[in-house]
Amino acid sequence: MHVKYFLVKTLRAFITTFLLVVFVFFVLRITGDPAQAMLPDDATEEDYIEFRQIWGLDKPLMEQFWVYCKNFIHGDFGQSYKDGRDVFEVISQRLPKSVWLMGMSIIFSIVVGLPLGIYAALHRNSFGDRFVMGAAVFGFSMPNFFLGIMFILIFSMKLHWLPSAGSDTWLHLLLPMITIGMTRMGSYARYTRSAMLNVLSKPYIITAKAKGANRNRMVYLHALPNAAIPIVTVIGTSIGHMVGGSVVIENVFAWPGVGRLLVSSVAVRDLPVVQAIVIVMGLAMVLANLLVDFTYGLLDPRIRITAGDK
Amino acid sequence: MKRFLMVCLMLFVALSLFAGGSGEKKAAAVEEIVVAVPALPATMEPGDISNQTVAMYKVFMNMYDTLIKIDYKNNTGTEPGLAESWKRIDDTTLELYLRKGAKFHDGSEFTADDVLTLFGPRRPFSKDSIMGKDKNFPNFKEVQKIDDYTVRIITKKPDPAVEQILSLPSYSIISGKGFNSTDFKEWQFKPIGTGPYKIVEFLDAESLTLEANEDYWGGKPAYKKITFKVVPEVAARIAGLAAGDFNIITDVPPDMFSTVEATPNVEIVGGAITTARTIYYNMHKPYMDLHLRHAMTYAIDRELLVKTLWNGMVEVPNGIQWPVYGDMYIKEHPKAIYDVELAKKELAQSEYVKMGSPVMVYRVLKDYYTGELDTAQACIEMWKKIGINVEIQVCENWAQVNVQDANGIRTYDLRNTSHNGLFPDPVSGLWRTYKPSYDATKWNNWNAPDFHEQGGILESSTDPAVRRAAFKKMLEIWDANPPAVMLYSNAVFFGKQKNVDWTPYGCQFMDFGPDNVKAK
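Read top to bottom, the protein sequences are chains A and B. Under my numbering, think of the first position of the first sequence as 1, with each following residue one higher. Under my numbering, think of the first position of the second sequence as 1, with each following residue one higher.
Hint data in this document are derived by calculation from the structure and do not stem from the laboratory. All values reported here derive from a predicted model rather than from experimental measurement. Beta carbons: idealized from backbone N, C-alpha and C, even for Gly. Careful: at least some of the hints might be erroneous.
To be verified - Now the stretches of chain B that chain A is said to cover, found in silico as 3 or more residues with beta-carbon under 8 Å:
1. 226-236
2. 239-250
3. 463-476
What the hints assert, rightly or not - With a cut-off of at most 25 Å between alpha-carbon atoms, the simulated DMTMM-like pairs for lysine to aspartate or glutamate come out as follows:
4. B:Lys127 <-> A:Asp47
5. A:Lys82 <-> B:Glu261
6. B:Lys135 <-> A:Glu46
What the hints assert, rightly or not - Computed from the model, here is a short list of chain B residues facing chain A with C-beta under 8 Å:
7. Ala42
8. Thr43
9. Ser50
10. Lys185
11. Gln188
12. Lys190
13. Glu396
14. Asn397
15. Trp398
16. Ala399
17. Gln400
18. Asn402
Can you make the complete structure from the sequences, with help from the hints?
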C-alpha cells in the first residue's frame, strides 16, 4: 500500500520531467535563430551557414530533437554556442553558488519564519502578534528587487557594514540571503500562525492543556506536527519560486549564479545552456514537490493510505 | 523597474547625506582597484570575432599589446607598440622592426614567429579559423618573416591605413607557442599576452582578475591588481561605488550624475567619444524615398536632445568624423539641419504622404546605447509634430530587431546604430560602417554607388590630398542621400573614487597601463 503511494508519485514526477524536456526543446526553437543573436551585425551569409552547420541547426527539427533526446539520456546537454564549453561544465561552475544562496535563504526563512509564526499563534491578538504579522505582510508584499536595493543602500552605502555585490566571502552572502529569505519568511510566519491557531483550538490540545501538559511539549510535540502539512506545502512550493526569484536577485547583487547565467544566455540564444538551466530548475521543482508528497505520506498516514487505495 | 530603482536610489542617497553619511573611504594611495562593468567578453581571446564588442574594449588593452599603438592620451596618431619602428617598402608592403626583449606573461620572448601566428592557422585570417572570420582587414594578403625581429605585412592593394588597422584590439599579439600548444577550450580563457597586466583568473564572464606584469617592456604598471566585476544594474554599480566596494564604475547615464556626485570623494569623468549615434532607414520600404528621409532628418532638434538628455555633455558632430582625424578632418562640413518648415515641405512631396502616412516600426533595444529609449521617444514626438507616424518596438536583442520576412528582408522601418571610429581615420568610422558589405547597403537597400566609389579611393589611395577630397565628397553624399538620421556623438561616463589615478580616453578603451597611469 505504502509502496504504491510512493510509486504513483514517482511516476508522476517522471512524466512531468519528460514533458518538461520535450516542451523546453520545442519552445526554445520557436524563439528565434541563435545564429542571428550570436553572430555580429556584419556577419555574412556564409558565416550564418557555417554557424548553423557547426551546431547542427541546419538539420530538420525532428532530427535535432532525436539527437537532443539521445544526448539527454546520456547526460549530455551539448556545448555552449558562446564559447564551445560543455554545458554541464558551464552550469556546474555556477550551480554551487546558486544552491548555496538558495539553501541558506531557505534555512534563514525557516529558522526565522516558523518560530515567529508559532510565537504569533501563542500570543494571538497581542502587540507581539500584530507586530510579527505586520512585519510578515511587509516581507512578502515587498518585491525582492526593491528590498535588495534598499538593503544595499542602508547596509552598504550608508553603514558600510556589508559588501554590495559579488560572492567572494560569507559577508557577501548576507544581503542576498536576507533579501530572498525575507519574502519567504513572511509567508512562512503567516501560514505557521494560521495552521497553529487551527490546531491549538482542537479538542486534543484543549484536553492536553486541561491535563496540565508541559507547554513546550504540547506545542512542539502535539500541535506543531499536526500543523505541519500546510507549512510543508508552502515551503515546498516556495523553493520553486525562490529559484525563479534568484534570477532577479542575482542581478541586483551581481551574484554569479545560474540565474545570471540564464539571463545572459537567453539574450544571445545560447540554446543548449538555456534548455539545460530550465531543465535543472524544472527538476528542482519536480523534486521539491515529490519530497513534499513523500513528506505528506510520512507526516499523515491517512494521506498515503487514501492515495494508495485509489 | 529600472526607473523605480533609480528613484529609490536617489531618495536614499539624499537621506544618507542628510543623516551625515559619507562614502569617504580609502584615502591612501590605491594599489588595487575594482572596476564594475555591465558585461565582460565571453572569453579573453582577442581574435574571437564574437568578442569584438564594447565589453572587450574595456579590458583588452590592459593584457595585450599590438604591433602599433594609437596615442589616445595625446591624440598624436600612431606610436610604437611591439614594433619599435616601421617603414613602407612599397605601396603594398609594410616592414615592421620588432621590439627586442619584450616578454610574454609566461616569460618567453616575443619574436617574429608570434606575428606569424596572429595571421596563421586557426586564427581569423585563415580558412580553418576557429574564432570567426576577420572583417577589419580585408586587404590583408600575407605576412613574411624576414628574421626573428623583422616582418613584412603585404596587402592586396595599396592601403593607407595599415598602421592604424594593426592597432585594433583584435590584432593583439598572443604567444604563438602558447596558442599552438594549448587546447583552445582552455586557452581562450587565459591567453598569454605581453601587456602591462596578466590574467590571474577569468571566472565565466563574471569577473576578471589581473595582476601587474612587473617585466612589462613599457614600464611599471601603476596597480598591483585590477579586478573587473560584472554588475549589470546601474543602480547597484552606483551603490557599490558609494559604498567603497568599487573604485571605478562604467556606463553611468547622465541623469544619474547628481546621484553619483552626492557622495563625497566620488566624481564623474568621461565625455564624448569618437562614436556617432544614428538611426538607420530601411530603404526597402516603398515610402522611404529621399523626401521622407530628408524630412525625418530635418525634424530632429539635436541640440535639444543633447541639452535635455545629455546635460549638454555631448556634441552634434558635423558628419561621421572627429577632430582627432587631424588633416583628414573636414572642419567646414556643416552639421545636420534642423528646420521644421523645411521638413514639412519635404514630407509633403514624399511617397509616404501619398501612401496615407502609414505607421512606421522603429525597433530599439532597452538602452544598449546610453539613453537609447529616451532618445527614441523624443524623436518620435518630433516626427509626430510634422505628421510622421512612428511606433516604437522595444526588443530584447539584435535578432529581434533584425527580424526578416519570407524574402529575407528586414522588417523594421527604423533601427538604431552607431559608428565607432576605432582609430583616427575615416576608414575606421564612415567607410567601415557604410561600405557595401555593411548594413546600409547590404540590409537597408541604400543605393549609393558614388559614395562607394569615393570610399574605394579613400581606402586605397596613399595620397593624403586625394583621400581628403574623397572623404569630403563622401560626407556630402551621405547628407544628400542619407542612409540614416544623424543624432549626436556618443559619450561614455564613469563614476570614480577621486583618489584613483586614471583618466579615460576619448574612446571606449580603458587603459590602466603605464601609457595612461604612471606608477608612483
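Violations among the numbered hints: The structure conflicts with hints 3, 5, 12, although it agrees with all the remaining ones.
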